[in-house]
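S.K.: For reference, the chains in residue letters:
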Amino acid sequence: MGTRPRLPMPEGGEGAVARSPLGHQPETLAAFERLYATLWSAGVVDPRVLELARLRNARSTDCGI
Amino acid sequence: MQARESTKRATRGLDAVFGLRADLYRDYRQFYGLFYERALIPLDLLELVRLAVADVLCCTSELAIRFDHAGVPLVDEQRVQAAIGQADEAALGVGERACLDFARQFVFDVHGVTDSGFGAVRDHLGVAGSVALTEALALFDGFMRFRKLLGVPPIGDGAVPAHVEMPSTGSETLP
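Chains as they are written, first to last, in the working numbering: chain F, 1 to 65; chain X, 1 to 175.
These aren't lab readings, by the way, just hints derived from the structure by calculation. Some hints could be false.
Away from chain F, derived, C-beta distances all over 12 Å, residues of chain X [stated by the list, open to error]: (1) Glu37; (2) Arg66; (3) Pro154.
Cβ-to-Cβ under 10 Å is the rule here; a few derived chain X residues that face chain F [what the hints assert, rightly or not]: (4) Asp23; (5) Arg26; (6) Tyr32; (7) Phe35; (8) Leu40; (9) Val107; (10) Val110; (11) Phe118; (12) Arg122; (13) Gly129; (14) Glu135; (15) Glu165; (16) Thr169.
A partial selection of chain F residues facing chain X, derived with a Cβ cut-off under 7 Å [what the hints assert, rightly or not]: (17) Arg6; (18) His24; (19) Thr28; (20) Thr38; (21) Ala42; (22) Asp46; (23) Arg48.
This one's a predicted model, so the numbers in the text were calculated from it and none came from an experiment. The beta-carbon is built from N, C-alpha and C at its ideal position, and this holds for glycine as well.
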């Protein structure tokens with residue numbers, strides 16, 4: 001996989017995620033953030049377990065970000 | 001009381017499983033529905049990609065679904081068969097094939113996506129469109145694995161694809 005950004009970063013937007021390629025689709029970004037927030041804030045799984053799963057997944061997929 | 005509630009629960013499709021977490025499922029439907037309602041990439045391409053991912057993952061409950069718009073299939077069956085390797089790819093355009101190659105590689109091994117492969121997608125869909133396709137792939141890939149892992153039952157008998165109106169942000173159910 002290449003190491004150079006494959007897309008230009010969007011201009012404007014608040015926060016690092018909005019200034020990432022996801023910011024090119026602000027509606028889907030907002031919808032994703034709602035889903036993600038529900039997962040973390042209203043879930044039945046202990047957040048510590050979620051965090052471990054998130055990091056394990058990042059490592060498995062070699063996602064350094 | 002509990003028994004009566006359980007009889008109301010959906011027994012087929014995504015509702016049967018994801019419906020157990022109503023709040024998450026609501027947010028998921030709104031997210032998923034955006035790709036269709038806003039046609040963030042051409043709807044026929046979205047359908048081809050969805051089915052190509054289902055084919056790679058051997059996700060039978062997903063492969064048994066065909067989305068329609070106002071009663072008309074998003075894609076004719078010949079092009080569906082081309083996208084899942086059962087018919088000549090000549091039925092597909094060059095840009096569509098680039099997007100399907102990208103989709104399959106995304107599922108197989110995302111590290112194998114090359115700059116030229118992604119470049120062909122960007123050339124076909126533009127910057128915003130290529131972001132939308134990649135997001136849609138993340139949804140398709142992740143939730144087809146969800147379907148398989150949790151045994152989501154197909155909505156029909158599985159032998160013949162079931163035609164369902166395409167999702168929207170207001171969808172209260174998904175197949």
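S.K.: None of the hints should be skipped; say for each whether it holds.
M.R.: Comparing the hints with the structure gives:
| no. | hint | result |
| --- | --- | --- |
| 1 | Glu37 | violated (10 Å) |
| 2 | Arg66 | holds (23 Å) |
| 3 | Pro154 | holds (24 Å) |
| 4 | Asp23 | holds (5 Å) |
| 5 | Arg26 | holds (8 Å) |
| 6 | Tyr32 | holds (9 Å) |
| 7 | Phe35 | holds (7 Å) |
| 8 | Leu40 | holds (7 Å) |
| 9 | Val107 | violated (12 Å) |
| 10 | Val110 | holds (7 Å) |
| 11 | Phe118 | holds (5 Å) |
| 12 | Arg122 | holds (7 Å) |
| 13 | Gly129 | holds (9 Å) |
| 14 | Glu135 | holds (6 Å) |
| 15 | Glu165 | violated (20 Å) |
| 16 | Thr169 | holds (8 Å) |
| 17 | Arg6 | holds (5 Å) |
| 18 | His24 | holds (4 Å) |
| 19 | Thr28 | holds (6 Å) |
| 20 | Thr38 | holds (5 Å) |
| 21 | Ala42 | holds (5 Å) |
| 22 | Asp46 | violated (15 Å) |
| 23 | Arg48 | violated (19 Å) |
Checked against the numbered hints above, the structure violates hints 1, 9, 15, 22 and 23; every other hint is satisfied.
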